[in-house]
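Asker: If you read the sequences in order, they're chains A and B.
If you count by the working numbering, then the first sequence holds residues 9 to 224, one letter each, in order.
If you count by the working numbering, then the second sequence holds residues 150 to 972, one letter each, in order.
In case anyone wonders, no lab produced these hints; they're calculated from the structure.
We put the beta carbon where it would ideally sit given N, CA and C, even for glycine.
Treat the hints with care, as some may be off.
Here are some chain B residues the structure puts well away from chain A; computed CB gaps all over 12 Å [stated by the list, open to error]:
| id | residue |
| --- | --- |
| 1 | Asp-298 |
| 2 | Asp-865 |
| 3 | Lys-887 |
Quick list of in silico lysine-lysine cross-link-like pairs, DSBU-like style, CA-CA up to 35 Å [unchecked claim]:
| id | chain 1 | residue 1 | chain 2 | residue 2 |
| --- | --- | --- | --- | --- |
| 4 | A | Lys-156 | B | Lys-713 |
| 5 | A | Lys-156 | B | Lys-378 |
| 6 | B | Lys-378 | A | Lys-106 |
| 7 | B | Lys-184 | A | Lys-106 |
| 8 | A | Lys-106 | B | Lys-904 |
| 9 | A | Lys-156 | B | Lys-495 |
| 10 | A | Lys-77 | B | Lys-184 |
| 11 | B | Lys-250 | A | Lys-156 |
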Amino acid sequence: MSIKSEALRYLGHSGQSIPEDQMQLVDAVIEETIAVAEPKTVHRIFSIERRDDSIYIPAEIDLNTKDIKHLLAQSRDVMLIGATLGLSIDRKLRYYSKTDATRMIIMDAVASALIEDVCDTLQASLPFEHYTFRFSPGYGDVPLTMQKDLLRVLEAGKRIGLSLTSSLLMVPQKSITGIVGIGEKDMQLKRSCDGCKLMDHCEYRKKGTVCYKITS
Amino acid sequence: MLQDHIIKRRAQLRETLGKELLVFDGAMGSQLHIKGIRPGERPEDANIDHAEWIVDIHSEYLESGANCILTNTLGANRYHLEDSSYSVKEVIDAAISNAHKAIEIEKARCNRLGIHRNTYMFYNIGPIGQLLQPMGTLSFDEAYSLFKDQVLIAKDQADAVLIETMSDTLEIKAAILAIKENSDLPIFASMTFDENQRTLTGASPLTAVTILEGLGVDCLGVNCSLGPKELEPIVMEILSIATIPVIVEPNAGLPVYANNQTTYNVSMEEFAKYIKRFVDAGVSCFGGCCGTTPEYIRQCLSLIEDRTVARRSVRKKTRVASGIDCVTLGEKTIVCGERLNPTGKKKLKEALLAQRIDAVLQEGLSQVKAGAHILDVNVGVPGIDEAVTMKKVVYALQEVLSVPLQIDSSSPLVLEQACRQYNGKPLINSVNGKVAVMDEVFPIVKKYGGVVIGLTLDEDGIPETTEKRIEIAKRIVDCAEKYGIDRSDIVIDCLCLTVSAQQDAADKTLEAITYMTREMGLCTVLGLSNISFGLPNRLLINQAYLLMALQAGLSMPIMNPLEKPLMDSIDAFEVLSGHDVASSVYVDKHAADQVHIAGSQHIAKTSIELEARIDDEDSSLTQIIVAGRKGAAVDRVRFELVKSDPMQIINEQIIPALGEVGNRYEKGTIFLPQLISSAETAKLAFVEINNEIAKSSTGPKRGPVVIATVEGDVHDIGKNIVKVVLESYGFDVVDLGKDVPVQRVVEAFKTYHPKLIGLSALMTTTVVYMDATIKALKKEGCDCPIMVGGAVLTADVARDVGADYYAKDAMESAAIATRIIPE
Numbered sequence: 009m010s011i012k013s014e015a016l017r018y019l020g021h022s023g024q025s026i027p028e029d030q031m032q033l034v035d036a037v038i039e040e041t042i043a044v045a046e047p048k049t050v051h052r053i054f055s056i057e058r059r060d061d062s063i064y065i066p067a068e069i070d071l072n073t074k075d076i077k078h079l080l081a082q083s084r085d086v087m088l089i090g091a092t093l094g095l096s097i098d099r100k101l102r103y104y105s106k107t108d109a110t111r112m113i114i115m116d117a118v119a120s121a122l123i124e125d126v127c128d129t130l131q132a133s134l135p136f137e138h139y140t141f142r143f144s145p146g147y148g149d150v151p152l153t154m155q156k157d158l159l160r161v162l163e164a165g166k167r168i169g170l171s172l173t174s175s176l177l178m179v180p181q182k183s184i185t186g187i188v189g190i191g192e193k194d195m196q197l198k199r200s201c202d203g204c205k206l207m208d209h210c211e212y213r214k215k216g217t218v219c220y221k222i223t224s
Numbered sequence: 150m151l152q153d154h155i156i157k158r159r160a161q162l163r164e165t166l167g168k169e170l171l172v173f174d175g176a177m178g179s180q181l182h183i184k185g186i187r188p189g190e191r192p193e194d195a196n197i198d199h200a201e202w203i204v205d206i207h208s209e210y211l212e213s214g215a216n217c218i219l220t221n222t223l224g225a226n227r228y229h230l231e232d233s234s235y236s237v238k239e240v241i242d243a244a245i246s247n248a249h250k251a252i253e254i255e256k257a258r259c260n261r262l263g264i265h266r267n268t269y270m271f272y273n274i275g276p277i278g279q280l281l282q283p284m285g286t287l288s289f290d291e292a293y294s295l296f297k298d299q300v301l302i303a304k305d306q307a308d309a310v311l312i313e314t315m316s317d318t319l320e321i322k323a324a325i326l327a328i329k330e331n332s333d334l335p336i337f338a339s340m341t342f343d344e345n346q347r348t349l350t351g352a353s354p355l356t357a358v359t360i361l362e363g364l365g366v367d368c369l370g371v372n373c374s375l376g377p378k379e380l381e382p383i384v385m386e387i388l389s390i391a392t393i394p395v396i397v398e399p400n401a402g403l404p405v406y407a408n409n410q411t412t413y414n415v416s417m418e419e420f421a422k423y424i425k426r427f428v429d430a431g432v433s434c435f436g437g438c439c440g441t442t443p444e445y446i447r448q449c450l451s452l453i454e455d456r457t458v459a460r461r462s463v464r465k466k467t468r469v470a471s472g473i474d475c476v477t478l479g480e481k482t483i484v485c486g487e488r489l490n491p492t493g494k495k496k497l498k499e500a501l502l503a504q505r506i507d508a509v510l511q512e513g514l515s516q517v518k519a520g521a522h523i524l525d526v527n528v529g530v531p532g533i534d535e536a537v538t539m540k541k542v543v544y545a546l547q548e549v550l551s552v553p554l555q556i557d558s559s560s561p562l563v564l565e566q567a568c569r570q571y572n573g574k575p576l577i578n579s580v581n582g583k584v585a586v587m588d589e590v591f592p593i594v595k596k597y598g599g600v601v602i603g604l605t606l607d608e609d610g611i612p613e614t615t616e617k618r619i620e621i622a623k624r625i626v627d628c629a630e631k632y633g634i635d636r637s638d639i640v641i642d643c644l645c646l647t648v649s650a651q652q653d654a655a656d657k658t659l660e661a662i663t664y665m666t667r668e669m670g671l672c673t674v675l676g677l678s679n680i681s682f683g684l685p686n687r688l689l690i691n692q693a694y695l696l697m698a699l700q701a702g703l704s705m706p707i708m709n710p711l712e713k714p715l716m717d718s719i720d721a722f723e724v725l726s727g728h729d730v731a732s733s734v735y736v737d738k739h740a741a742d743q744v745h746i747a748g749s750q751h752i753a754k755t756s757i758e759l760e761a762r763i764d765d766e767d768s769s770l771t772q773i774i775v776a777g778r779k780g781a782a783v784d785r786v787r788f789e790l791v792k793s794d795p796m797q798i799i800n801e802q803i804i805p806a807l808g809e810v811g812n813r814y815e816k817g818t819i820f821l822p823q824l825i826s827s828a829e830t831a832k833l834a835f836v837e838i839n840n841e842i843a844k845s846s847t848g849p850k851r852g853p854v855v856i857a858t859v860e861g862d863v864h865d866i867g868k869n870i871v872k873v874v875l876e877s878y879g880f881d882v883v884d885l886g887k888d889v890p891v892q893r894v895v896e897a898f899k900t901y902h903p904k905l906i907g908l909s910a911l912m913t914t915t916v917v918y919m920d921a922t923i924k925a926l927k928k929e930g931c932d933c934p935i936m937v938g939g940a941v942l943t944a945d946v947a948r949d950v951g952a953d954y955y956a957k958d959a960m961e962s963a964a965i966a967t968r969i970i971p972e
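Only chain B is shown next, with the shape it has when bound in the complex (with noise of 0.2 Å):
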């Protein structure tokens, strides 16, 4: 139960916030170095093993000025006391206990000078120590439980938590839900820079103050890491995007260590005057970080005279993010890419159904490298576990690509668990005008802190008029604003109609863009396609009305980015409307262009014409591929596949150059990047002639081969050559990742069928996992065989972990392959 004076508390301070300074503490690791702590001694423990010590630095912090305190908690998490002798809630319950002395001791003070001051206690959050998937090994639900473990001790002790030094936003996104989902504490969420201004992760200060806005923390900002002088563009950028109240805790510069101490190498005076900077420029609360004492609060404060909040104006802008990038949508044209939808696409449809992830994830690939900026995720297919597609697909889309996602589901389930592990601030594909569906999406807007897409259709379905269509788009901002969501969190899509069957449709869309645009202060989204439907060169109509809707106002076409006239059109209209400063882009991407004459750019499709295409000195395609050369490979197949039967093309020039390769590998002729471009083309040669058998829709392709590199294990570059070589012969590749749980491989098993199952491990710590792994698939009653290889891996470890082969090399793995499965 929350105590009454800490409900009053709580409520001070979120009044205070923003209006009044508020004045931290500084270094808490720095102090209790000086009083005795031995580099690599775990500080938490000291809570009880020196509580003394504790009471006195905070008491010395409160005495500086200091009115909010840091428990000393940083790294009271299950995973960094593991080996301490103290349980997590011994260390926290401790903690607080002390930081309620000094604060206890500072009102005795003050009684006696006869002064009223308020002090708040702020549970303090560190990072974990392990780093999140896709980086490290540690998964958001871990992540979660450690921070909920914490907040369940501390929710009604403390009267507000701090969470600092963090640098991956899914990390710090699953330390604030824990503690929205479990206690009412007032959240105060600070991320480290450093001098490239980047987390370590990668996230900019515009990406993650954009995301930390979402989640609704009530203060944001920056500590650690750097001096106050370093920090300053930091802050500044901070300052001039966050909307909500900033705070900055500084390290008193860096590090210099000597005679077995640390220093720091910033002055009081010199970190006084930044401070004061700071506080000028309409920071809210600031503190001290690593190497800072109370005298430097003391001096800052002296230099200090009004504690009022400077004031600062910022404009809410249109922003979704991934962990690292961010989107502004309403300045320069933004392409979502929209290819990543089954509707309409079977070979993507049959990936989602097969789980064939790696399949998925290419059609995002190619979609950002023709310069898409968002992607829209849809894998709504019958029969599908559609949630947990969803995740995955997410997942693996966030693991290799840094642009935000547009989750797109006609479930609200869906949204949310999509919405919950996704790093950034999602785009939400979307919400209409119709009362139930806001009523389902809204809280998911709302909590996990997205943009979302508002389609201006209700019960009626799509309007035909212009003032139907901004009718329901009020209806949408209005009910958006009642679950707490601000405007610049909704974007219009005004749908467009087939020009085909509604001339006049084409329009009115248009206007109501063009409504929503410069009367409501909204940015909007159209999806291009539909306009086109029916007609004759479709692409033609698409271009056109590109151009119009952009005219009206249009801030994100949802679009095919892989159409290269609607890419150029797009980079046109960016010069031509002044986005494009001095053209520069444009000339950038169009300088070398080729001004075609009319029919000469269509894609070759003759044997003649392909001919002409092929260089002289490619007498076959087996010398290309034993030259690597990736880019000749597909026009060669082609060409081949004009005159030669599929089969004749394989047993006649790719497996024979593949012998070649690998014969040349093994008596050291060439070395490991010529044998895996020669892999690469050959696997190109491969997808191109599959691509006509599927035609002919006969030979099934070998394997599968389920590969996986071992739960705990990060190291995946074997397992990757293997995946290249192993296509390289023809085979059928599923590719399960690495770090993968022993039951995702048993899952694998049962959903794939396979012929063979290849595991990876590269260090002694991780062959456990393999043994476990093998001894879970035969438990199952797995008789596929099992291959397994990595660096610690021998004749004899593969013996005892169960497996049936061990191959040393990728090229070894080709071979057992070939010789079990058959052709």
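The following block holds chain A by itself, in its conformation from the complex (with noise of 0.2 Å):
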């Protein structure tokens, strides 16, 4: 259910009433997306140390930006994910896009929605229970280039297939990372839109909606 409704949100769907074949369509797609993907993630778990105004983790990676210091300013661990619905799907959509448009759309919205669903789901089969969002390289004043770093640590290419183009886009192109805080407490950091480059001039944000999943 959750899927279908994201879904609908990323296609601009905001209560309109949507005609019977338009939702038997929305279903089967999901059903084929569901069946298409091969959705793979990878994860690494390190400490968080301390020093100075400074954090450090053991592994290649210069996590020191400010806003994911202000992201992990109450964790103790930090976790990187790799997400990726793989290739197969970005072949099923580039067969639509010669071929039937309308699932072409859907099928990417709901993509979008899976993608997210796996890293919900990871999250919540690892035994902790206070996270922060997921932050991702891109975000705020985290450099994209910081994908590299990511990738590398978490060995992406060979454990789930995600590598990057020389833009630094990720490929597969339904692919998440994310770097999460894992912490004692409820940490009551909230996903927002603030540093967002698109920020002004957003297409969801005039809906009265955001880009990303509203958690309670």
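Reconstruct the complex from the two isolated chains, following the hints.
Answerer: Listed below in structure tokens is the structure:
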């Protein structure tokens, strides 16, 4: 259910009545997307060491940006996550881009919702209760170049087939990397649009919503 | 210069391989982590920073019983080492020197013990770390050059090369070609499969084996990703199909991360138990991948008494493949779609001349949808650069389809260039009994590992007798053998003549097919449609001859899969010949068939018939478009065309419908999928109307509009939406695709003379390419308006990059196009 409502939200749905044939199509594409996707995840958890005003983890990656330090301020450990739906979804989307544009856009949205769900499911399966939200390179002041270090630490190419293009885009396209703090108590950190480069002209915000999943 | 001792060792290795078990080392990376390398550190740098660690690890493996060690160079390519303080050459030289030292130490140790061992140093090549097009943005030529760099450094120093952990069949092909064209190194090639028994890019073990054997590697196999238990079915499948030696290197199970450390969950005892099983089943080489240690290798050897490689008997079969799927000829009937050939097809010829690759692609898509297993690709039109066009079409087809292709050209140059970049094992069309042709084409077949069609004709033309056909086929097979091409990689086309001209010739062809199949053990193909030339109701003759040929032993008809009666006949033949076990395919496809009364099947043509087929509730085309009912559009347009003028339909029905849809979308009463359904419906209506207009040859189309997702950017969903919406307004759109190099946009400007150019970019990192593209266009004197869009674009950014228009979404792009392109 949550995949469907998220996918509809990505598609710009905001309460309009959806004709039955369209609804059936959405359901069929959700089913197809789940069948075609080959979700894979990799994660590593590192203890955070704090010295002076900086944070260190026993891996070759520098997490010292203002936003990440803020994110991890109350965390004991940090979890690095890589997740992907695999190339089969990319291939299906390419096929539909030439044969059925309606299916293409629905599958694109469903896949975006599904990959978030894959990460949520992974986090829920781990024996931790208190996470910060997932932060990714490209958000706030975290440079996209950090993707390289993140993927190298995770051995994401070898483990889950997640790689970068030279312009630092992830392939397969329906992939997520994340930096998540793990702590003892509820860290009271909610995701927000602060610091997003697109804030002033965001299509989601104009419709009164946001691009990320809203959690209670 | 190759030193004598290396030449000798390579010969020795080739001699030993497949007879005596070769024992490879275990993990390098995991061992380095134990020694102190941190997660995320580049293991290749350790060749220089911690040379002694590397020498130690090699030595420990040699001492444990491994006789083949891999240099620590898995990621020693320009891309991986981009941020390293060392060059590719420094890293590779150091890695080889470390391996040498270890081998010398082992030699000294053996001398002390008075034993003799042959040890081999394998240069290790891993994936580049970037995906090749069309999945990623790396081109085949760039990949080739990254591998070539490494080969040139290692070629006179290593004994052999092991390519490992590969997922993409095209990437491994680039590596193999780089090695073959620049060295004499024996090649061992290993791919990685996951638990659903495919590589990450979708190749099955059968596909991988077919391609690798075709490319002529010395040994092939599987490594990494899984533990030995999960690999077992994959290993067994490979052993049952590979006709060359097989290598296996499993992980020590799956990684477990705890306390900042990585461990693996399979014990050395269990690991060894499986390796023993693999060796008993006929594996020629084994070693370990992630998480294995010298102890794992020692444990394996303690279970293996006999070092002789167990015998397997595997028969070579005729197989072709894409990077994903593999098709075996000589079992079930395989259908090759013939329609991607401009001979006698005006529209396709025009599309090729105008370089409208998308239109060509549609011809492929429809054939595969109709059931073709393989597609013939011929782009021979006078006045065209055939090699360039062939490469474009093959790429476009492989981007969205997974069927193997049949590269069809009379020019060896075209065959060579297309085969080089083709992902898979191609079917090559063709050679014949002429010596000159065979001498030109067989080297291409051999080098790129294809299957080739041999036409039974020679300098004297198509023979009339069966005997002469057989003689030519034998000549082709013999000559192929001289080039090292196995007979399983030859399929024979016995060629059929026109029955209305030579009535007894039909039977001669069938006799020849039977002989090739039964006596020569060859697979056969046959282009069907010639047979019925000059006769009425050709389909009927084709259908009958198809069945006769299948009965005679034909493996693959080359035919039009859109002719449903032909496809239906094959379905029936498969049941009657026992190929379709339990008739399951047949029942699946035909359970819902209606038995037609003669004459009721033809396509509705008259307005009365059309009216009968049109739903009562569809009061107008407008409503069909607004509702986005794609299935109803074409019939309705045909119906309208009987009574209305095409322009009238456009102006009075389609345009108002699109206006209504646009309004509803702006107001938020419908959402994106509905908008797109309506746009696709309107597009279908336009196509149908344009077909009608083309008949009376009036009314130029609006446009063209050239659109592209810029270089470096692979996110093209937004651009695809723009395309559909523009087409729904009747614009002629040339879609250049995604990750389009700056230069290709410039070329497109010159080729298509667009009225509007649309560029999209999703990320800040790729907006720079948008800027570069626009600058390059302007430099070439482009006065065509440029419209831009994409997630990170704003009116300000659009102005900064020099665009004329900024479209915030697809509807706005249509509004802009409507404004600036007159009807």
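Asker: Evaluate each hint against the coordinates.
Answerer: Here is how each hint holds up against the structure:
Consistency note on B/Asp-298: stated as away from chain A, and its beta-carbon is indeed over 12 Å from all of that chain's, at 17 Å minimum. Distance check on B/Asp-865: its Cβ comes as close as 7 Å (rounded) to a Cβ of chain A, failing to clear the 12 Å threshold; non-interface status is violated. Chain A draws B/Lys-887 into its interface by the beta-carbon criterion, the shortest separation being 9 Å against a cut-off of 12 Å. At roughly 52 Å between alpha-carbon atoms, A/Lys-156 and B/Lys-713 are farther apart than 35 Å, so this suggested pair is violated.
With a C-alpha separation of about 32 Å, the suggested pairing of A/Lys-156 with B/Lys-378 holds against the 35 Å cut-off. Under the criterion of a C-alpha separation no larger than 35 Å, the hint pairing B/Lys-378 with A/Lys-106 is inconsistent with the structure, at around 40 Å. At roughly 52 Å between alpha-carbon atoms, B/Lys-184 and A/Lys-106 are farther apart than 35 Å, so this suggested pair is violated. Using a Cα cut-off of 35 Å, the hinted pair A/Lys-106 and B/Lys-904 holds, with the two alpha carbons roughly 23 Å apart.
With a CA separation close to 50 Å, the supplied pair A/Lys-156 and B/Lys-495 exceeds the 35 Å bound. Between the alpha carbons of A/Lys-77 and B/Lys-184 the distance comes to roughly 30 Å, so the proposed pair stays at or under 35 Å and holds. Proposed proximity of B/Lys-250 and A/Lys-156 is supported: the alpha carbons are some 33 Å apart, at most 35 Å.
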